[in-house]
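Per the working numbering, residue 1 is the first one in the sequence shown, and the count goes up by one each step.
Hints in this document: simulated from the structure, not taken from any laboratory.
Where a beta carbon is used, it is the ideal one built from N, C-alpha and C, also for glycine.
Any given hint could be a false lead.
Said to hold, decoys possible - Result set (DSSO-like, lysine-lysine): computed pairs, CA atoms no more than 30 Å apart in a straight line: (1) K171 x K62; (2) K72 x K171; (3) K10 x K34; (4) K285 x K10; (5) K315 x K10; (6) K34 x K72; (7) K319 x K268; (8) K58 x K285; (9) K319 x K293; (10) K70 x K22; (11) K281 x K238; (12) K293 x K218; (13) K319 x K251; (14) K171 x K20; (15) K228 x K293; (16) K167 x K133; (17) K238 x K285; (18) K10 x K223; (19) K293 x K58; (20) K223 x K281; (21) K238 x K20; (22) K58 x K319; (23) K315 x K228; (24) K58 x K7.
Said to hold, decoys possible - Simulated restraints on C-beta separations: (25) K253 x S29: 52 to 62 Å; (26) T149 x K171: 17 to 27 Å; (27) E169 x H266: 17 to 27 Å; (28) V202 x T28: 41 to 51 Å; (29) G208 x A249: 38 to 48 Å; (30) P270 x Q35: 45 to 55 Å; (31) E11 x V137: 30 to 40 Å; (32) V202 x N143: 44 to 54 Å; (33) K22 x S199: 44 to 54 Å; (34) G318 x S199: 32 to 42 Å; (35) E248 x M1: 49 to 59 Å; (36) E229 x F330: 17 to 27 Å; (37) L147 x S199: 49 to 59 Å.
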Amino acid sequence: MRLLRNKSLKEYNSFGIDVKAKNFISITSENELKQTIRKVYASELFILGGGSNMLLTKDLDKTVVHVNLKGKEILEEDDASVLVCVKSGENWHQFILWCLENNFGGLENLSLIPGNVGSAPIQNIGAYGVELKDSFVSCEALNVQTLETTVFSKEECCFGYRNSVFKNELKNRFVITSVTFRLTKKEHQLHTGYGAIQSELVGIENPGIRDVSNAVIKIRQEKLPDPKEIGNSGSFFKNPIISVEEFEAIKIKHSELPSYPANEGHVKIPAGWLIDQAGFKGYRKGDAGVHEKQALVLVNYGNASGAEILDLAEKIRGKINSEYGISLEFEVNIF
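When you get a sec, could you build the whole thing from the sequences and use the hints?
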């Protein structure tokens, strides 16, 4: 554990934004994490995981703690299922591949989502009809004030659409150190309801979890840029959820507006469609842009600043609000 000063965070965020941290420490054990927090006021801490769901708009005048905890452990298993505990610093997609190698099912639809395991519950990551909460059992988290470890159940995490208690009332109060999942070992329940997945599985008799994962990977690679090649953080905006009454009112002017069922009395509007219709798909100003294949994804073509990407996001949000009366919410955390 070594303290670095004025450390560039370019390689630690998937947008590739070159901002600096006043202090930087990478920790590899919970004991190191506790030692670090003891020395720094909670208000001066910035916890960094995989850096995949954030936009850094300025230098951080704080101590950045890179949580690099590694390890996977099978806690219990029977013929039908397995309980797996994963440290927060494990790469999410590498964990998925490990699950597939062991024929553990439940997370295959979440293949190729960037980031680390510890960030996944905060966002309740989801894709292609599956959310993290569907296989989540609990997580352990360290209280940055008391240095006590708390176990949070699924209910206590208050999962919602790309949301959890860690983004709201417990924001910045805990550091997730491990996550436990209940995964299937046989009779896997496949989620292939999305048309794109069904199309990729045509011709495959009795598809399994690896087939579903391969389909998801292919779809994502065709639609989404690789952060290693073009800086991005995946979907920048949430799909807005509005009431049926609001939807019907908007359709009077925009009859082509698509929707999908959401919770009772509400519908979900595809944000990518709205952004595309507003003319932003493929838009570029300097090195800040909107991806040419997926309007939900804002990109850094090389040397864009976080502020430039945020300006573009606000421009998009303003246009959608004025045209449709719909307020887009950021999925990415802004710092």
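Hint numbers contradicted by this structure:
Of the numbered hints, all hold.
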